[in-house]
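J.: Each chain is listed here by its residues.
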Amino acid sequence: MQASVLGQGLVYLALILSILTLVTMALRKRVAETLWGLATGTVVAATMLLLGALLRSDFRIDYVVGHTSRDLAWPYKMAALWAGQEGTNLLWAFITLWVVHSLWRTRDAAGQEDALSARAATLAMAMVVGLMALLVVRSPFAPVAGELPADGRGLNPLLENPWMIIHPPVLFVGYSLLFAPTALAMAGWWRGDGSTWVDLGRRYALWGWVFLGAGMMLGGYWAYITLGWGGFWAWDPVENASLVPWLVATALLHGFAVQRRGGACARLNYIIALLGTVVIIFGAYLTRSGVLADFSVHSFADLGAAYNNAWLALLFVPLVAGLAIFAARRKQVPAQPMPDTVFWLHSGLWLVIAMAALVWVGMSMPLLSKLVGEPFAVQMAYYNKTQTLLFAASAVALIAHLRPRGAGTWVALSVVGIVAVGLLLGIMKPETVRSAQVGLALNALVTGAMAALGLVYAFRGQRAGQLRQVGTGLAHTGMALVVLGAMLSVNGERSQKLEVPVGGSQPTPWGKVGLGQPEETKRGRLRLPLTLDGAKRLSEFFTTEQGQMRNPVVYHRVWGDVYVAPEGMNEPGLVKLAKGDTAQADGVSVTFEQFKVDGMHADAGDARVGAQLKVEDGKTTSTVTPMLRIDRDMHKVSEAVTLGNRTIELVDLDVDNHAVMIKVRQGTGKDVGQTGPQLLVQVTRKPGIQLVWLGTLVLLSGGLVALRRPRAKGDESVQQLS
Amino acid sequence: MKRALTLGWAVAAVTIAVAALHAAVPDGAKYSGTRMCVACHRAKHKDIVNSYIKSPMANALIEVNDDNEEKVTQYLKGDFKTAPFKQDDVAFILASGVHQQAYLDKDMKVLPAKWLVADKKWVETPAVDATKECLYCHSTGFVAADKKYKTAGVGCEMCHGPGSAHISAPADKKLDTVARPGEMDPKASAAICGQCHSRGRSVDGATAFPQGFLPGGDFNKFFKHDEVKGPGLNQQFTDLVKTKHYEKGVVCATCHDPHGETGNIAQLRKPITETCLDCHKAKIVDIPTHAKSKNVTPPADATCATCHMPEGRHLFDKTVADKK
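As given, the protein sequences belong to chains A and B, one line each in that order. Take the first sequence: its letter number 79 is residue 78 in numbering that gives the first Met the number 0, and every next letter is one higher. Take the second sequence: its letter number 238 is residue 237 in numbering that gives the first Met the number 0, and every next letter is one higher.
In short, the hints are calculated from the structure, not lab data. Among these hints, one or two may not hold up.
[Said to hold, decoys possible] A short list of chain A residues far from chain B (calculated; beta carbon distances all over 12 Å):
| # | residue |
| --- | --- |
| 1 | 101 |
| 2 | 149 |
| 3 | 262 |
| 4 | 524 |
| 5 | 558 |
| 6 | 609 |
| 7 | 626 |
[As the list claims (entries may be wrong)] Simulated coverage check for chain B against chain A, where a stretch passes if three residues somewhere in it have a Cβ under 8 Å from a Cβ of chain A:
| # | stretch |
| --- | --- |
| 8 | 38–44 |
| 9 | 48–56 |
[Stated by the list, open to error] With a straight-line Cα cutoff of 35 Å, these simulated DSBU-like cross-link-like pairs (lysine-lysine) come out:
| # | chain 1 | residue 1 | chain 2 | residue 2 |
| --- | --- | --- | --- | --- |
| 10 | B | 228 | B | 146 |
| 11 | B | 45 | A | 595 |
| 12 | A | 521 | B | 43 |
| 13 | A | 635 | B | 173 |
| 14 | B | 280 | A | 595 |
| 15 | A | 635 | B | 172 |
| 16 | A | 635 | B | 228 |
| 17 | B | 43 | A | 575 |
A quick note: this is a predicted structure, and the numbers were derived from the prediction, not measured. Where is the CB? At the ideal position from N, CA and C, for every residue including glycine.
Just chain B, with the same shape it has in the complex (with noise of 0.2 Å):
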């Protein structure tokens, strides 16, 4: 008996260990969609929203249908004149066309073709299902064995969470019914944005993102980061977790704004340099002087970025420049 209430103790101290952990999101919370945030929280964030709006992140896709019409004029960017698919099977835009832009017909297939934004060409693509390879990381609340989103775009709640419980808490809980990633972790943080800034598959192999993961869970339990080599793409989070600058929490939001618009490139809230000796400049006073003390002489236009984060990796490696 006596056995049996110990046992009994423990249990209940463990389920509340793990129900407190994982509290950032409490279970059975729905998504609610972006415009519900909005209708509650715009008069406090105007600016947020209204950069939002046109940020590239609130059009990562793009439903074409009659009530849409403004928008998809706005945003497609592809000469359907010279695709080898018709403008009629486009049931979606992918991405707002910042570099490039893919279609998708109404079954969720990829067209054959994508368009290459600067270069004004199309190149070939295979014709994946996106239900597996894109979409959770171009909607909000996407589950791919429903094929279904809530909001098209990265929303309010791919970083927040779902809203419902938020929604429904009284007020001296809803600080509890959200997740904040500010107030997290660093790691947890940075796993937010990695979701989809990784390069890698589900842990079952069935996609290529994390399905299941919510905002302060464990990013491992649901994805296997690759072996990434060239050019970075959306392999931010896999470079950033093998660096010190992790270990030592200097994360995505250390550097980058998740929210308005600072008019620096990719959203730093400074330019990189300034990012990069905020930290630095005890041992590094400023790009010359650097640059001679390696032997290597930089372009007139060199950032810090320009040796240590070559095409757009994120491993800030100190040899690069060395190599080269």
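The following block holds chain A by itself, in its conformation from the complex (with noise of 0.2 Å):
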């Protein structure tokens, strides 16, 4: 049978067999364990079908078609599972199932099956029938419409990257975990308990929180080492719609530390929960309807109303119900009154909300401005803005929650106060270089500080035997590292463009860089031979749909990386010029003023176009006029002019544009300097930048360890450091 219409039947059958685990689970029948076995292999089924797919190149399927070609070296054909929207919600189903799985497998202290979790693990298969609804409206297994391709379209060549491999499965494993406190929250709170479920809940948010947190990481260290634009984050809605779940599992996991210590937040913390699973499945919306397609860069295609539609269910189906639950429980979940030691620790955890709001409200700006007028989308600088603004002031709130013995609540307020007015001033008010300096410092100050007592409070955590504690204080040193190497190699960042003939080599303050022969691949790509004072790498650069590729190379130093970004090739001396444009070549300014015509109603003779253009060097200026002539074979000869000792001429004309190619050259005559191509290349220090990856390294190991089950009973209860 076709694998088009084998896939089909698989994406139905895996419907049906979901919503009868659903409802039987839901039941609490026997039969369920059977179903969800039943279910979960036709997605294994489904999903090797599709393997085999890409593997074979079956181009009788419009995904296959659609995200690899013939071409594909395997592992990419394979990696094709997650480019596009259909495969990954396969995946995503998948992984899904088996959090399912895992919320249902937990058994209580006397090993009997645990009530609130088998309900949380019902609550997450809904999720599961949700996907699977999504597979079918848009299946991965639809056919080619009319003529079967020859190849495919081919993998988009940003994706072709060994990255491509891993960085998606982490991120989508990340996001289905988070879909477990959501579930378990709502669980509990159906039977009136506000406390039960944050125990299992804190658990699967830190697995979540950690998974997600790596994902964007290998998402960044990507972008930063394969796209040449030299950041590691750039605020895209793609990786916002990453971002915000993140900082809703971070928000949830503080106030899980606020309730633990008095049974404050309790209604915060659920509120929190749900919306972990909104923000998720309004990311995914938002990136994957096609509603961003004019602000972002990488939104995928927009696959129809039905298949919107369909996720906007899914994002308001859970909101719903899990506002009706707040609405009906809570008055069996009283509020309990804030104990003053977690006083810091709260304001923290609001100022993690805040950080989430606001970049939440930054990646919807398009969508929520279009309910009142004209879509905007926001710029970086209110990302940068508002969320450094927000963490030196978490992280001074930190400091407070973590102050030295004996100080007084009152000292600390008066520190934020202090720092909270010079941050204020230097952050949003850059304009004057002393208040941006005084910012910077400061904030330098508070996350450094921040860094050293998270690794204080890990150090005492690991004497009184705590893991928890050293967990929690590697995870604040991780973030603290990571700003900080942010802050570093943003504002500590220098940069040179140069010129480098090939062959040659041109000197920068950070080493000597040169280029090799460039060689052109199979598939028409130049690879550039780079080296920094001698030391080669391979650099690539292409020309796709999506624009101009080009991989930098990276050297790694003790104080940072010299990141070298080739910018294009380059003939010295070689301009395009539009009517009235004016350019710098070989030293003079040169302006296009207008197209010359010879020759045209002469009965014989040779047509010449020229460019009439105003050159001048500084002391004179002068007007030439070289020309293109074309001979009776139609050839092109250039005549050149010369003008002092040097020679102008008429590289071609770009009559669509209004352009003409100029090159000027030292010489005149036969003595023409004879410069071969050059390679444009932007060399950038980046100081401190391998704090960010050593930071990103910390802080998910610190999860990690926070995630180690205690010893013993006795290990729950927590020291505080006060």
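Two chains, two frames, some hints: make the complex.
T.: Spelled out as structure tokens, the structure:
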């Protein structure tokens, strides 16, 4: 049978089986387990079938055509499973099925089925049904419309990268795991119990937080080492769609910490947990529905109204159900008074919520602004300023929470006040150099203090045998290191543009940048052997439908990175000028004034077009008109002109853009300089950038340490530093 | 007074309408020569220029002079040892020699024999005045009265109109000052090819071509078709105007590509049968099935044209095959 037909059948079967699983789970029937197995088996079969089709280049299936091509290496053919929406939905459903299983399998102390987790598993299963419905609306096995194509459209060349194989699945594991706290919260509150769910909820939230964080770091590192723009985070909607759930999970973890210290924040934690799932689905809707097509370079293609509405249903059903449970059970979960000891922890929690909210507002701005008028997107500066300020404030809150013994609340408050004013001035009003420097210095100070205090906290936890405290300390140190690394690399960045001749080199303050002989690969990419003080690395440079791709080469140094990004091959002295444009070429300023046509009405003779140019060398201004002659055989013959000791040539015309290509060289006549092509590179010094990666590793290992189960029961009590 | 004003408005309106109708090629434009077009458009249309240089169109007329020796050697096909006239008399080579080649003397009179390329022999040909019978279609910008052309061979301006106004136009008027057959009514675009691919005479009978016609203009004001019998030769448009294809807007450029090199016979965009079946596949599956239903046995290498376009005719006659 044709893979496409079989696959369609499997998708429908999987939906039916998951609905049956959901129903039998809700009714607490034994058969539910068998049905879950069948549903999972069907999804696995569908995934294998799709993998097979991808590997065999079965171009009868639209998804295979859209995301692979015959010449693609097999690991990328496999990775194409998560290159498009339909494939990732399949992957997502599969992972969520395992989260369901994991919840379901939870046993209480007596080894009996845990009623809370079982109910949460049912709710998570409802999410699987939703994802399955998406697969039916938009199947990965949809056949190609019309004629069978000879070859596929290929994987987006951006994605043809080893990181593509690991980055997306890690993110999706994170998303799926973060469904669990929502399900647990709803299941707990359903019974009017606002506290039991917290223990298990924390484990899932922490696992999801680790996976989502790792996924984001992989994406950021991938962007940094392959895309050539020199950054690792661009506040793009696709990035924010992962960051907001991660921040919500961060907030939830802080909320749990408060709730464990006296029961406050029970209601808030429920709402945060509910938002976890809502922001994940909202992010998916935003980036996958095509609503941001005008605002993000990498939102996915719009797959039609039915598909988009299915996402909205998946968004609103849990939201409405969750709010209904909240309204119904609110009175049974009484608000507890906030203990004084958690004042600063509670402040930190709200600061994280504010971070998440502001990123969410920023990424949703195209939609939100559409409600009131002309849609627009926010600038990068919006995120940079608000997040820096909030982070600095949260660092101050952390310092105040862990403040040295004996320092009273009033001392903490006054320090916070002074620092806050400094930061506000420095970050929100960086127009004056001094306030920018003050802001930066204060920011670095509080972030550095946060890193140090986190380490101290972790160290004390180690001494006390408190793994959870060690993890918490490390996570905060890691986060501070990430921010320090970002601050150092962005503010300490120095950059130079160079023209490196083929076979030659150019000095920079960070080493000598050289270029070997560029080679064209079989796939039409330009392979550039770059060197920094002799150390050779290969860079690739090619043009795709998405624009020019420039793989940078990165040299790691003790103090940071030297980041060498190719910007294009260039012929010295060659400039392209539209009418009226002025450009510098070989030390003179050339302005293209107008076209000149000669020979139009002559009966015989060659046709000639010229470019009338104004040439200024700082002292004199002259007008010259180099011409291009078309001889009897339609060949172009360049008629260059000389000006002083320079030769000025009209190389070609681009009449569609009313532009000319002009080349200015030293020398005249036979002595005219023959210079070869040069590579334009941007060399950037990025101090402290390793702190970003190191910080992320520390942050995530902190999460993993905090996940270690306590060795003995007594370990659960948490020791306060103060 | 009022009547005069009304009349004035009417005249103005008619003038504007007529001017608009003739806007395809503005009055007063002069031919500038193919090389002038190439000078600016070469960079973007390299492929077209490169295939054009080698095409029969570009070499429809070759001047014999010292500057052009290479081309003359390349294209001169006749065997002048057996010719009824001396090679030295040849001032122009007429046609690139795909099928046959004729020669003109310095006064643009046809020399009395033409060379059949495949048969490798001379046949007599009337010594007509090429300025009245030939040169309009072998050159670009030809004016019979002046006995002068702008470019030897069929160049850009033959179909896109004289280029001087386009060259001097400001950027935003460039597109309005050049004829763009692809944007025209299909019948108007077909008439552009019809300038030369027709059999008949000018309306006044003086020439074998529509002297004065410009792309986008009214062809019938300049030319009267003959009744054509027998095998096809330059009669394509004369045939086409009688067909349903023409009525429905299926014209020359629907099937033939005026630019580049398609690699198909007669510069068709696709091979013959594929071209026809693009539209007719609803009723016709393939040639064997179709022939069977008509009780005929076509040769193995038959195309649609074998029966429906015999001898290169463009009548697309349904009954042709039945008659045979």
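J.: Compare the structure with each hint and give your call.
T.: For each hint, the structure was consulted:
Listed as outside the interface, residue 101 of chain A is consistent with that label: its C-beta sits roughly 57 Å from the nearest C-beta of chain B, beyond the 12 Å cut-off. Residue placement check: residue 149 of chain A keeps its beta carbon more than 12 Å from all beta carbons of chain B (closest about 17 Å). Every beta carbon of chain B lies more than 12 Å from that of residue 262 of chain A, the smallest distance being close to 74 Å; the non-interface claim holds. Every beta carbon of chain B lies more than 12 Å from that of residue 524 of chain A, the smallest distance being close to 23 Å; the non-interface claim holds.
Even its closest Cβ contact with chain B, about 48 Å, leaves residue 558 of chain A beyond 12 Å, as expected for a residue assigned away from the interface. Its closest Cβ contact with chain B, about 10 Å, brings residue 609 of chain A to no more than 12 Å, contrary to its assignment away from the interface. Listed as a non-interface residue, residue 626 of chain A fails to keep its Cβ farther than 12 Å from every Cβ of chain B; the least gap is roughly 9 Å. Counting residues of the stretch 38–44 of chain B whose beta carbon lies closer than 8 Å to any beta carbon of chain A gives 6, which reaches the threshold of three, so the coverage claim holds.
Only residues whose beta carbon comes within less than 8 Å of a beta carbon in chain A count, and the stretch 48–56 of chain B has 3; three or more means the coverage holds. Only pairs whose Cα atoms come within 35 Å are accepted, and residue 228 of chain B paired with residue 146 of chain B is accepted, the gap being roughly 31 Å. Restraint check for residue 45 of chain B and residue 595 of chain A: the C-alpha separation of about 21 Å stays at or below 35 Å, so the hint holds. Between residue 521 of chain A and residue 43 of chain B the CA atoms are separated by roughly 25 Å; this keeps the pair inside 35 Å, and the hint holds.
With a C-alpha separation of about 23 Å, the suggested pairing of residue 635 of chain A with residue 173 of chain B holds against the 35 Å cut-off. Under the criterion of a C-alpha separation no larger than 35 Å, the hint pairing residue 280 of chain B with residue 595 of chain A is inconsistent with the structure, at around 52 Å. For the given pair, residue 635 of chain A sits about 26 Å from residue 172 of chain B by alpha-carbon distance, which is consistent with the 35 Å threshold. Among the hinted pairs, residue 635 of chain A with residue 228 of chain B is inconsistent with the structure: their alpha-carbon atoms are about 46 Å apart, more than 35 Å.
For a cut-off of 35 Å, the pair hint linking residue 43 of chain B to residue 575 of chain A stands: about 15 Å separates their Cα positions.
Of the numbered hints given earlier, the model fails hints 6, 7, 14 and 16; all others are met.
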